[in-house]
Amino acid sequence: MKSLGSIRRDFAPWSDPQAKPYIRFENVTKRFGDFTAVNNLSLSIYEREFFALLGASGCGKSTLLRMLAGFEEPTSGKILLDGQDLRGIPPYRRPVNMMFQSYALFPHMSVEKNIAFGLKQEGMSKADIDRRVAEMLKLVKLERFASRKPHQLSGGQRQRVALARSVAKRPKVLLLDEPLGALDKKLREETQFELMDLQQELGLTFVVVTHDQEEAMTMADRIAIMDKGEVMQVATPAEIYEAPNSRFVAGFVGNVNLFEGSVAERTENSARITGGSGAQILVENAGEAAKGNDVAFAIRPEKIRISSRKPQDAVNALEGEVYDIAYLGDMTVYYVKLDDGQIVRASMLNAARIVDDPLTWSDRAWISFRPDAGVVLTR
Amino acid sequence: MANVSASASAALPAEKTFLSRLISGFTGRLLILVPYAWLLFFFLIPFVIVFKISLSQSAISMPPYAPAIDFSEGISGLWAALRELSFDNYLWLTEDPLYFNAYISSVVIAGISTLLTLLVGYPIAYGMARAPASLRPTLLMLVILPFWTSFLIRVYAWIGILKPEGLLNQFLMGIGVISSPLVIMNTYTAIFIGIVYSYLPFMVLPLYSSLEKMDNSLIEAAQDLGCPPISAFWKITFPLSLPGVIAGCLLVFIPAVGEFVIPDLLGGSQTLMIGRTLWNEFFANRDWPVASAVAIILLLVLVIPIVLFQHAQARAQEQDR
Numbered sequence: 001m002k003s004l005g006s007i008r009r010d011f012a013p014w015s016d017p018q019a020k021p022y023i024r025f026e027n028v029t030k031r032f033g034d035f036t037a038v039n040n041l042s043l044s045i046y047e048r049e050f051f052a053l054l055g056a057s058g059c060g061k062s063t064l065l066r067m068l069a070g071f072e073e074p075t076s077g078k079i080l081l082d083g084q085d086l087r088g089i090p091p092y093r094r095p096v097n098m099m100f101q102s103y104a105l106f107p108h109m110s111v112e113k114n115i116a117f118g119l120k121q122e123g124m125s126k127a128d129i130d131r132r133v134a135e136m137l138k139l140v141k142l143e144r145f146a147s148r149k150p151h152q153l154s155g156g157q158r159q160r161v162a163l164a165r166s167v168a169k170r171p172k173v174l175l176l177d178e179p180l181g182a183l184d185k186k187l188r189e190e191t192q193f194e195l196m197d198l199q200q201e202l203g204l205t206f207v208v209v210t211h212d213q214e215e216a217m218t219m220a221d222r223i224a225i226m227d228k229g230e231v232m233q234v235a236t237p238a239e240i241y242e243a244p245n246s247r248f249v250a251g252f253v254g255n256v257n258l259f260e261g262s263v264a265e266r267t268e269n270s271a272r273i274t275g276g277s278g279a280q281i282l283v284e285n286a287g288e289a290a291k292g293n294d295v296a297f298a299i300r301p302e303k304i305r306i307s308s309r310k311p312q313d314a315v316n317a318l319e320g321e322v323y324d325i326a327y328l329g330d331m332t333v334y335y336v337k338l339d340d341g342q343i344v345r346a347s348m349l350n351a352a353r354i355v356d357d358p359l360t361w362s363d364r365a366w367i368s369f370r371p372d373a374g375v376v377l378t379r
Numbered sequence: 001m002a003n004v005s006a007s008a009s010a011a012l013p014a015e016k017t018f019l020s021r022l023i024s025g026f027t028g029r030l031l032i033l034v035p036y037a038w039l040l041f042f043f044l045i046p047f048v049i050v051f052k053i054s055l056s057q058s059a060i061s062m063p064p065y066a067p068a069i070d071f072s073e074g075i076s077g078l079w080a081a082l083r084e085l086s087f088d089n090y091l092w093l094t095e096d097p098l099y100f101n102a103y104i105s106s107v108v109i110a111g112i113s114t115l116l117t118l119l120v121g122y123p124i125a126y127g128m129a130r131a132p133a134s135l136r137p138t139l140l141m142l143v144i145l146p147f148w149t150s151f152l153i154r155v156y157a158w159i160g161i162l163k164p165e166g167l168l169n170q171f172l173m174g175i176g177v178i179s180s181p182l183v184i185m186n187t188y189t190a191i192f193i194g195i196v197y198s199y200l201p202f203m204v205l206p207l208y209s210s211l212e213k214m215d216n217s218l219i220e221a222a223q224d225l226g227c228p229p230i231s232a233f234w235k236i237t238f239p240l241s242l243p244g245v246i247a248g249c250l251l252v253f254i255p256a257v258g259e260f261v262i263p264d265l266l267g268g269s270q271t272l273m274i275g276r277t278l279w280n281e282f283f284a285n286r287d288w289p290v291a292s293a294v295a296i297i298l299l300l301v302l303v304i305p306i307v308l309f310q311h312a313q314a315r316a317q318e319q320d321r
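Quick note, the sequences are listed as chains F and G, same order.
Numbering-wise, the first sequence is residues 1 to 379 according to full-length UniProt numbering.
Numbering-wise, the second sequence is residues 1 to 321 according to full-length UniProt numbering.
The reader is advised that the hints may include incorrect statements.
If you want a taste of the chain F side facing chain G, the calculated C-beta under 7 Å gives, among others [to be verified]:
no.	residue
1	A69
2	M98
3	F100
4	A104
5	H108
6	S110
7	F117
In case anyone wonders, no lab produced these hints; they're calculated from the structure.
C-beta atoms are modelled at their ideal positions from N, C-alpha and C, and glycine is treated no differently.
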């Protein structure tokens, strides 16, 4: 899979066997009473990486972050940072800083004092603190608000203060807990890119927790998809999207059509999958699926073509009826009910303004896709 | 025609809101009237009566001061009475050092007691605020529980504990810590114990309410930025609980200055507090005018600094905005 690496920049230490992980979770388990928040989890994060922990609420992603910050100790297993075991080191001695979801700005201190707080703890000289605070204010474009109190700022400005405060000490790792969660959509999109620029500029390792897949896809070098205290897949955004390793990951990120069936025929690369109603799907890159396995064929809606007549050249073509249409402006989503009852979602980019012979409700339609358009999932 | 009806229908909702605003304005005013009426009848009018008595002369009569206003003579009687009023009683207070000393000693005793109450109350409130949420209502009830018995009985109970043959001395001698009983009764120590005990809930409740609503992530953020827990307490928790500290201190200090029962029962005869002086003037000397003057001065001693303080605070908050 040549094109599924990091598309953002030439940076892929995880595929280099020589590279040493910067943060390493080794068989980490965390229990709160009977509840297992994190279950025997191992994970490597590399220096200068922008790493995202993505999952629904309660999946253990925040617990993982809090263990890294030192607010929780793992029940078993260990966490290494730059080769050092973090067990027993209190939060105030760890070389990591956290940006809190609630921002946790000190309400009785001005913006300046908030940013200077961590530097004062370090025993930095007054002149150095002033210089660093000015630098941070400039970085987050809040020079004019230095003497304001947090309650006099807007939500976006508070977010920037929290960010400035957490990077002021130049931590080895910056932890961000839902950093954009409290912002409105437009501001969130702008801030995503600012965060990425900031990370590049400062050369820090970022670990961000989020439940917003778009946010994780946009910002992160790699994403760990978490569910019930376990990591389901760790990969680049493109890999997660185009080559999910399980039904869960495929369904969690983006939209997907799953065709359940079993492998009827297997060659070196390709496989023929037979669905329950006898539908045949030919797939390239069938991975580890062996003949006779129960598998799911996963294909994204935008990789399916829809037409009113059976396409002549298509290897995979299935017939059905247009069940529903959602016109979204930039694209149109068709829901096609196949003859075996399954509903398939296919999206078409509206590249032209005017379409001849458009499909409409209850029309007979054919969906087709290339043999390499989807993946075979065994899990 | 169409125009007219359109404008009429447009005006209708406006009138409606005006009317409803008038009604809501009226009920709003009625609501604020209630506390004002309360203050008028139970603070301002009694204050004026006491102030008037403080300007009178004591007399062997009923009531024991002159002049009394003779309402049968109408306005002229009122004028005649007002003409005889004087500030002699206030001058008398400045001539006898007893009163000045009593005021000073009351303020000092109340101040020390308030500080002690804060020192005892803060850890209690902090512990309550940090307790599991399911336990907090119970703890809160335990703090309020002493109010269910009479204040007087509780102070009497302390006599039983503190007196030379009391529970405390018996216990300490029993375990061999001391060989002869400690003298606590009829000392200032007993007064401090009594005040701290009696007023502790007034300190704990406002402290608890300000500590309880504090966001724990602030403490975590402070620690995350390199601040050890004790230092985080002084830099974050304590400054943010200041409104509770101030409210608690005022709630303890103000009644403690004028406290009469505790110094009288636990402090013995030689303790000098303005509450006792006041009582003596009223009931031992039957000098109502001087007693009233003492009460008026006590009120001024308490009210003026508090008003100034609150004014300064309101101003500081205004500047913050």
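To see whether the hints hold, each was checked on the structure:
1. A69: Status holds, d = 6 Å.
2. M98: Since chain G brings a Cβ to about 5 Å from F/M98, closer than 7 Å, the hint holds.
3. F100: Interface hint status for F/F100: holds (5 Å vs cutoff 7 Å).
4. A104: Because about 4 Å separates F/A104 from the closest Cβ in chain G, which is inside the 7 Å limit, the hint holds.
5. H108: holds (5 Å)
6. S110: Check failed: Cβ of F/S110 comes no nearer than 10 Å to chain G, outside 7 Å.
7. F117: Since the shortest Cβ distance to chain G is 5 Å, the answer is holds.
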